[in-house]
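J.: So the chains spell out like this:
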Amino acid sequence: RKEVEQDPGPFNVPEGATVAFNCTYSNSASQSFFWYRQDCRKEPKLLMSVYSSGNEDGRFTAQLNRASQYISLLIRDSKLSDSATYLCVVNKGSGYALNFGKGTSLLVTP
Amino acid sequence: EAQVTQNPRYLITVTGKKLTVTCSQNMNHEYMSWYRQDPGLGLRQIYYSMNVEVTDKGDVPEGYKVSRKEKRNFPLILESPSPNQTSLYFCASSSQGLGNQPQHFGDGTRLSIL
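Quick mapping for you: the protein sequence lines, in order, are chains A and B.
Residues in the first sequence are numbered from 6 upward in steps of one, following our numbering.
Residues in the second sequence are numbered from 9 upward in steps of one, following our numbering.
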């Protein structure tokens with residue numbers, strides 16, 4: 006089983022739609038979870054950390070299910086500018102090294 | 009401005025010619041890391057450093073060397089580059105904290121080894 010698995014997509018959605026991405030991780034000792042956004046040929050940028058109780062930042066909501074080793078990202082009211090690849094990132098147990106998922110591609114269309 | 013700076017941004021070179029990609033951060037971060045990104049494989053960690061003079065292998069260290077003589081700098085060295093090292097490389101840094109600090113990435117270095 007891969008360390009971090011994501012549906013690669015692409016997800017093509019119209020503006021204003023709600024879209025959800027899922028991610029599973031294999032290391033039960035992982036403690037830190039993030040969603041990063043990467044635009045084409047650019048560096049990854051932190052979108053949001055994911056906390057045990059779930060957290061929201063504007064139109065973005067992240068959830069963590071430790072029992073199922075599952076992380077989700079929900080984007081409401083999609084904008085054209087949300088088009089990007091979304092990377093699920095999980096730390097390797099107790100250390101600081103990170104495992105990156107291969108990313109889920111989102112295209113928001115007019 | 010807080011940033012991670014990589015140089016060069018683009019490099020085309022030939023097999024066997026030693027090269028160094030520099031990485032510098034101005035945030036006084038303890039942790040620094042190098043990744044390569046290839047189509048279909050995502051980001052893979054090459055080496056990382058927990059602090060000055062402390063480095064360790066990531067998932068794909070073969071063919072690479074690093075050093076951490078100063079806190080701000082973490083160069084990536086390819087002693088004898090080969091075509092399979094053609095890739096997009098990212099340097100990243102973060103504060104140690106409790107291991108839950110996000111990483112700040114440089115703009116990337118696109119290497120082509122002919």
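The hints are simulated quantities; they were obtained by calculation from the structure and are not laboratory data.
Watch out, some of these pointers could steer you wrong.
Said to hold, decoys possible - Below, in silico cross-link-like pairs of lysine-lysine (DSS-like), each with a Cα-Cα straight-line distance of 30 Å or less:
no.: 1; chain 1: B; residue 1: Lys77; chain 2: B; residue 2: Lys65
no.: 2; chain 1: A; residue 1: Lys50; chain 2: B; residue 2: Lys73
no.: 3; chain 1: B; residue 1: Lys79; chain 2: A; residue 2: Lys97
J.: Given the hinted pair A:Lys50 and B:Lys73, is their Cα-Cα distance within 30 Å?
T.: The given pair, whose Cα atoms are some 26 Å apart, holds under the 30 Å limit.
J.: Given the hint that B:Lys77 pairs with B:Lys65, does the C-alpha gap stay at or below 30 Å?
T.: holds (17 Å)
J.: For the pair supplied as a hint, B:Lys79 and A:Lys97, is the alpha-carbon distance within the 30 Å limit?
T.: Satisfied, since the Cα-Cα distance of roughly 23 Å is no more than 30 Å.
Violated hints: none; the structure is consistent with every hint.
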